[in-house]
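Undergrad: Here is how the chains run, residue by residue.
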Amino acid sequence: MSAHEREEWRRVLPLAVRTSIPVLLGYVPLGIAFGLTLVAAGFPWWLSPIMGIFIFAGAAQFMAIGLMQQGTGILEIALFTLLMNARHIVYGLSMLVPFSKSGSWKPYLIFGLTDETYGLLTTVKPPQDVDGMKFYAAITMLNHLYWVVGCTVGAIVGSALTLDTTGLDFALTALFIVLLVEQIRSVRRFEPYVAALVSCVVALFVGPRNFLLVALALATGLLALLRPRIEKRETESKGAA
Amino acid sequence: MTNLRLTYLLLVVLVMTLATYFTRAMPFLFFSKRKPPAFLNYLQRLMPPVVMVVLVFASYKDIDFRAAPHGVPALIAGALTAGLHFWKRNTLLSIAGGTALYMVLIWLI
Chain A
1248 MSAHEREEWR RVLPLAVRTS IPVLLGYVPL GIAFGLTLVA AGFPWWLSPI
1298 MGIFIFAGAA QFMAIGLMQQ GTGILEIALF TLLMNARHIV YGLSMLVPFS
1348 KSGSWKPYLI FGLTDETYGL LTTVKPPQDV DGMKFYAAIT MLNHLYWVVG
1398 CTVGAIVGSA LTLDTTGLDF ALTALFIVLL VEQIRSVRRF EPYVAALVSC
1448 VVALFVGPRN FLLVALALAT GLLALLRPRI EKRETESKGA A
Chain B
7 MTNLRLTYLL LVVLVMTLAT YFTRAMPFLF FSKRKPPAFL NYLQRLMPPV
57 VMVVLVFASY KDIDFRAAPH GVPALIAGAL TAGLHFWKRN TLLSIAGGTA
107 LYMVLIWLI
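These protein sequence lines are chains A and B, in that order.
Under my numbering, the first residue of the first sequence carries the number 1248, and numbering increases by one thereafter.
Under my numbering, the first residue of the second sequence carries the number 7, and numbering increases by one thereafter.
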């Protein structure tokens, strides 16, 4: 690494640490909850950091505990993971342009595109005076680190003693609520929110087992139907402003 | 642990790693050379609010609202989180405040 490169990282890292603190607060408790659950389900502690390092997908990892306990077939687990993570396709679509100049970091940035990393990268803009890709990479690595630390600590603590951490997992719900409030502040149109809410209620009845996927598919369909209306309103408000 | 079980666990990690990476890499594989259609541009702009609503809803959907405590702790703590964030816009404060209140509430009720 050249001296210039090192200097750039030195400027990017403190910024990335500050930006990623909310994810630290969400991931460490959630990772701990995951490790505790995994060990309590009778699996060896080292499986927790391994899953955290390679899979890096909270919801899918939690789902896997139940599937592995029932000895579910490998192909079925692959299918469940695809369904559970299908929402990430949407994330990739909105990062096409921001990641287009990321060079050798691209495969890793794509790997680390979790719900929370996506939420951060779409909410925060990299500062003007630093390399945006290094900023993205630093945030992704930090989030990855928080997750692996949480998974490891939870599994080790879980195999050593029994703790009352009831309720700590609410941190993830709180994180999603915070990200939703941020969206409400930036996307000031009511249609996507109503479409999402309607889709959620319908998905509860139609496909509770694949809730995330069904709700997202319905909402995408609704947005497609609303497109002429939304784009017309957007041009009108732009004209007025 | 038997070798068979060890093999099973490692295979699970492998397929889940590949499946997860595939879902995250798919748009980059198909649309990095070609320009994505206008419809996709429209979707990617309006999907983040949708995804967040769905994720928040999903966090609440497994609560049994008919049995005590009727989801009250999660609803109150969620409202506090949102309220704090609209008011102060300090992510740390919002998450820590909401989670702490939730832990106290489920311990009390």
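These are calculated hints, taken from the structure and not from any lab test.
None of these values were measured; they are calculated from a predicted model.
Treat the hints with care, as some may be off.
With a Cα cut of at most 30 Å, we get these calculated DSSO-like pairs of lysine-lysine [claimed, not checked]:
1. A:Lys1372 with B:Lys39
2. B:Lys94 with A:Lys1479
3. A:Lys1381 with B:Lys67
4. A:Lys1381 with A:Lys1353
5. B:Lys94 with A:Lys1348
6. A:Lys1353 with B:Lys39
Incomplete in silico selection of chain A near chain B, CB under 10 Å [said to hold, decoys possible]:
7. Pro1291
8. Gly1414
9. Ala1462
Partial selection, computed: residues in chain A whose CB lies under 10 Å from chain B [to be verified]:
10. Gln1430
11. Ala1450
12. Phe1458
The beta carbon of each residue, even a glycine, is placed where N, CA and C say it ideally should be.
Undergrad: Next step is simple, just say for each hint if it's right about the structure.
TA: Status of each hint after checking the structure:
For the given pair, Lys1372 of chain A sits about 25 Å from Lys39 of chain B by alpha-carbon distance, which is consistent with the 30 Å threshold. For the hint linking Lys94 of chain B to Lys1479 of chain A, the alpha-carbon distance of about 34 Å lies beyond 30 Å, and the restraint is violated. Between Lys1381 of chain A and Lys67 of chain B the CA atoms are separated by roughly 38 Å; this puts the pair beyond 30 Å, and the hint is violated. Straight-line distance between C-alpha atoms of Lys1381 of chain A and Lys1353 of chain A comes to about 11 Å, which keeps the hinted pair within the 30 Å bound.
Between Lys94 of chain B and Lys1348 of chain A the CA atoms are separated by roughly 35 Å; this puts the pair beyond 30 Å, and the hint is violated. For the suggested pair Lys1353 of chain A and Lys39 of chain B, the alpha carbons sit about 15 Å apart, so the restraint of at most 30 Å is met. The beta carbon of Pro1291 of chain A is positioned within 10 Å of a beta carbon in chain B (closest approach about 7 Å), and the interface hint is therefore held. With a cut of 10 Å, the hint placing Gly1414 of chain A at the interface with chain B holds, because the nearest CB-to-CB distance is about 4 Å.
Hint status for Ala1462 of chain A relative to chain B: holds, with the closest Cβ pair at about 5 Å, below 10 Å. Taken as an interface hint, Gln1430 of chain A checks out: its beta carbon lies about 4 Å from the nearest beta carbon of chain B, inside 10 Å. Against a cut-off of 10 Å between C-beta atoms, the interface hint on Ala1450 of chain A holds, since the closest Cβ of chain B lies about 8 Å away. With a cut of 10 Å, the hint placing Phe1458 of chain A at the interface with chain B holds, because the nearest CB-to-CB distance is about 6 Å.
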